[in-house]
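In order, the protein sequence lines correspond to chains A and B.
The working numbering runs 15 ahead of the 1-based position in the first sequence.
The working numbering runs 2 ahead of the 1-based position in the second sequence.
Hints in this document: simulated from the structure, not taken from any laboratory.
It is possible that some hints are incorrect.
Stated by the list, open to error - Computed far set for chain A versus chain B, every beta-carbon distance over 10 Å: (1) Gln37; (2) Arg96; (3) Lys103; (4) Arg207; (5) Gln228; (6) Ala247.
Said to hold, decoys possible - SDA-like cross-link-like pairs, simulated, lysine to any residue; straight-line CA separation at most 20 Å: (7) Lys36/A with Asp119/B; (8) Lys140/A with Gly151/A; (9) Lys189/B with Arg265/A.
Every residue gets a Cβ at the ideal spot worked out from N, C-alpha and C, and that includes glycine.
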Amino acid sequence: MLLVQDLSITFTMYDRGLAQKQLAVITQLDLDVQAGEVVAVVGASGSGKSLLAHAILGILPDNAQVSGTILFKGEPLTPHRCRDLRGKSIALIPQSIGYLDPLMQVGRQVHRTAQLSGLSQPAAKAAVDRTFHRYGLAARVKRLYPFQLSGGMARRVLVSTAVVSQAELVIADEPTPGLHPDIVTETLNHLRELASEGKGVILITHDIEAALQIADRVAVFYAGTTVEIAQAQDFPSGKIRHPYTQALWRALPQNEFIPIPGSQPNPEALPLGCLFSDRCSWVTPECQSDRPPFLQVRGAPVRCIHADR
Amino acid sequence: MLIGNQLAFRYPRHEWILRDFDIAIEPGEVVGLSAPSGFGKTTLSKLLAGYLTPLKGRIILDNAPLPTRGYSPVQMIFQNPELAVNPRWRIHKILAENQPPDRLLLNALSIHPSWLDRYPHELSGGELQRIAVARVLNPATRYLIADEMTAMLDANTQALIWQTVLEYARSQNLGLLVISHETALIKRLCDRSIHLA
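Produce the entire structure from the sequences given, and follow the hints as far as they go.
If you want it as structure tokens, here you go:
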């Protein structure tokens with residue numbers, strides 16, 4: 016359904032005066048999503064997760080230079096096609112109610128989304144009623160303003176905005192942080208249901224545990240690149256391949272809770288070779304001279320020349 | 003010892019957020035607190051750190067009322083570091099608001115020296131949260147309230163920050179209140195935990 020290959024995004028920024036600098040925020044990023052599948056995108060803040068979503072939706076700022084391929088159903092996603100598809104075939108579940116209009120009742124906002132996706136007035140009304148009913152939102156909730164919603168209700172309204180649009184690809188951007196575990200599970204189950212209905216779902220999150228609850232596959236991002244695309248069951252079974260993926264897993268409080276020191280490289284001065292090389296205990300001179308290509312190791316792609324050890 | 007005694011709070015013309023709430027934290031103790039959203043966890047943090055004044059009850063620090071002027075010995079770190087720093091100050095100035103942290107602490111938090119010349123918006127959320135933590139880990143802080151401090155961060159950065167904070171707390175006899183929805187995190191960090199439901 017969606018194929019992202021060798022995507023790079025560079026921002027041109029003004030430094031001092033008229034001097035410009037280049038920020039390589041995404042380099043050699045890959046991802047693919049099939050219909051009926053949940054693919055989680057996991058990584059630290061600044062690893063390029065949200066920028067990928069913005070690139071797919073065609074909402075990057077003007078100072079971004081994009082190279083590489085994004086195909087949606089086999090056809091390139093040009094800026095023009097993006098405009099046609101977003102909100103219709105491709106929908107975003109935003110991070111928080113901050114993305115809703117604070118001065119508009121939520122029922123009207125969801126209704127408007129349905130209409131913009133191409134439904135007639137009565138069909139949109141029926142779709143809103145059906146969706147609110149499906150997510151256990153009482154009819155009176157339609158008349159509430161965003162600030163009047165509890166955390167759990169807000170999540171359900173945000174999911175509703177994506178569901179009424181009949182989108183085939185749904186991108187959920189950090190839907191879970193700071194929520195009560197029951198609401199986290201509920202939100203994740205809603206995403207899983209959408210995949211079971213045949214939609215493709217991208218779950219963007221920094222939370223591996225949330226990802227593993229529902230994802231079929233997990234793409235791990237580091238410093239704007241995809242280091243590994245693993246099957247979800249590779250994590251508990253110890254099959255994960257990249258040293259950064261392994262570090263993330265080890266750092267969970269229910270595992271060893273041991274972090275690796277350091278932080279992601281500065282996008283103004285990326286290392287020549289592997290982007291993880293300065294924090295990696297497996298590093299050799301080869302790692303520092305060239306960017307590692309995607310290699311198939313134990314049945315999944317990984318960007319590490321030592322992953323088969 | 004930090005004691006909250008029979009605390010009650012509400013905003014004018016709203017319902018009570020907290021009523022008759024008691025809590026006590028000893029120096030060097032790590033206490034966990036979890037409760038559903040809307041239970042007043044953040045309000046409790048703000049009361050203990052002196053950002054809000056309880057309508058009833060008292061906050062007592064080492065047998066005296068919580069000081070209302072100067073640097074509060076009870077410090078709070080919450081989920082969004084970008085709201086806790088001055089956006090127009092460079093990082094070194096933000097860190098120098100208190101006694102500037104020493105090199106060892108900056109190293110333990112993996113704070114790169116090149117960050118010190120940048121502005122807050124030039125750092126990622128995880129990088130900026132490490133700055134916020136470095137700023138409060140100084141001798142004037144006796145109690146630290148971590149309100150979902152690492153809820154927005156990846157597992158590695160979360161472990162990095164917590165290992166540093168725990169070690170500092172042990173060596174300096176700092177009392178910690180850990181507010182989190184994550185059961186595994188509370189179990190890993192805390193000597194005892196309070197669960198409200």
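Non-interface claim for Gln37/A: all C-beta distances to chain B beyond 10 Å?
holds, 15 Å
Has the given pair, Lys140/A with Gly151/A, been kept, meaning a C-alpha gap of at most 20 Å?
holds, 17 Å
Would you assess whether Ala247/A, listed as outside the interface, keeps its beta-carbon beyond 10 Å of every beta-carbon in chain B?
holds, 16 Å
With d taken as the least Cβ-Cβ distance between Lys103/A and chain B, does d exceed 10 Å?
Fine: 31 Å to the nearest Cβ keeps Lys103/A off the interface.
Within 20 Å, alpha carbon to alpha carbon, are Lys189/B and Arg265/A?
holds, 16 Å
No chain B beta carbon within 10 Å of Arg207/A's:
Arg207/A is indeed farther than 10 Å from all Cβ atoms of chain B, at 20 Å.
Under the criterion that the straight-line Cα-Cα distance not exceed 20 Å, is the pair Lys36/A, Asp119/B satisfied?
holds, 17 Å
Non-interface claim for Gln228/A: all C-beta distances to chain B beyond 10 Å?
Check passes; 13 Å lies beyond 10 Å.
Assertion that Arg96/A lies outside the chain B interface [Cβ separation over 10 Å]
The claim holds: Arg96/A sits with its nearest Cβ about 31 Å from chain B, beyond 10 Å.
The structure meets every hint from the earlier list without exception.
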